[in-house]
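J.: Take a look at the letters that make up each chain.
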Amino acid sequence: KNQVEQSPQSLIILEGKNCTLQCNYTVSPFSNLRWYKQDTGRGPVSLTIMTFSENTKSNGRYTATLDADTKQSSLHITASQLSDSASYICVVVTTSGTYKYIFGTGTRLKVLA
Amino acid sequence: DTEVTQTPKHLVMGMTNKKSLKCEQHMGHRAMYWYKQKAKKPPELMFVYSYEKLSINESVPSRFSPECPNSSLLNLHLHALQPEDSALYLCASSQEGKKRSSYNEQFFGPGTRLTVL
Numbered sequence: 023k024n025q026v027e028q029s030p031q032s033l034i035i036l037e038g039k040n041c042t043l044q045c046n047y048t049v050s051p052f053s054n055l056r057w058y059k060q061d062t063g064r065g066p067v068s069l070t071i072m073t074f075s076e077n078t079k080s081n082g083r084y085t086a087t088l089d090a091d092t093k094q095s096s097l098h099i100t101a102s103q104l105s106d107s108a109s110y111i112c113v114v115v116t117t118s119g120t121y122k123y124i125f126g127t128g129t130r131l132k133v134l135a
Numbered sequence: 074d075t076e077v078t079q080t081p082k083h084l085v086m087g088m089t090n091k092k093s094l095k096c097e098q099h100m101g102h103r104a105m106y107w108y109k110q111k112a113k114k115p116p117e118l119m120f121v122y123s124y125e126k127l128s129i130n131e132s133v134p135s136r137f138s139p140e141c142p143n144s145s146l147l148n149l150h151l152h153a154l155q156p157e158d159s160a161l162y163l164c165a166s167s168q169e170g171k172k173r174s175s176y177n178e179q180f181f182g183p184g185t186r187l188t189v190l
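Note that the protein sequences, when read in sequence, are chains B and P.
Its first residue numbered 23, the first sequence is counted upward by one per residue in our numbering.
Its first residue numbered 74, the second sequence is counted upward by one per residue in our numbering.
Derived from the structure by calculation, the hints contain no laboratory data.
Be aware that one or more of the hints could be misleading.
What the hints assert, rightly or not - Some, not all, of what chain B presents toward chain P, calculated at C-beta under 7 Å:
no., residue
1, 64
2, 65
3, 66
4, 121
5, 125
6, 127
7, 128
Quick reminder that beta carbons are idealized off the backbone N, C-alpha and C, glycines included.
With these hints in hand, go ahead and build the complete structure from the sequences.
T.: This is how it looks when you write it as structure tokens:
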């Protein structure tokens, strides 16, 4: 069964600190993996997209890693800001028949002043 | 224009009402999606339209009726909803066919917050 699991479920950190969110998946066939940021009551916004051959990709203070062998990904946030408070969703795209998004359960991040 | 727009932002309706959610994109995308998202849960796929034809219906109750009038518009008609249908309804679009990107990225709208009383 295609599954994407994220940890932790929720996280509270102080402004300026770093944090790392984890994503483990059992999805086949694998096309690519994405991290989205979703503010409460808003639609998800793409942060990074990683294909099978990519190990690391950065987008400003966000750095995603992918280990296709162990089927794990992480999202590292550097020097957190209050505006980073949101849900972070890991999505694995599978190409079984048609492109389909398999969503993780998300990590809710709260950054405190 | 790289935006997916949704109207209304908020909607409150009774169980006997008929209402519609609207979604629009002008990126030339030929695939459009409806998702339902409950609080603290990931989005759940409801429908997929490809080239204005319904290609996926994830066993959604008939009280939800999608419509794709043209390649830029996607509607979701609502009738006789239940309180448990209250959720954030997200629309998304992506490239399809010959122009399909290997990434097939979906662009999401801001959502419509629906409350059924």
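J.: Less than 7 Å between beta-carbons is the criterion; does residue 66 of chain B satisfy it with respect to chain P?
T.: It holds, given that the least Cβ distance between residue 66 of chain B and chain P is near 5 Å, below 7 Å.
J.: With a cut-off of 7 Å on the beta carbons, see whether residue 127 of chain B makes it to chain P.
T.: holds, 6 Å
J.: Using Cβ atoms only, decide whether residue 128 of chain B comes closer than 7 Å to chain P, and label the hint accordingly.
T.: At 6 Å from the nearest chain P Cβ, residue 128 of chain B passes the 7 Å test, so the hint holds.
J.: Is the interface hint for residue 121 of chain B satisfied, with its Cβ closer than 7 Å to some Cβ of chain P?
T.: Nearest chain P Cβ about 4 Å off; hint holds.
J.: Taking 7 Å as the limit, does the beta-carbon of residue 64 of chain B come near enough to a beta-carbon in chain P?
T.: holds, 5 Å
J.: Does residue 65 of chain B hold up as a contact with chain P if the rule is Cβ-Cβ below 7 Å?
T.: Nearest chain P Cβ about 4 Å off; hint holds.
J.: Are residue 125 of chain B and chain P close enough, Cβ to Cβ, to be under 7 Å, as the hint says?
T.: holds, 4 Å
Every hint, counting from the list given before, is met by this structure.
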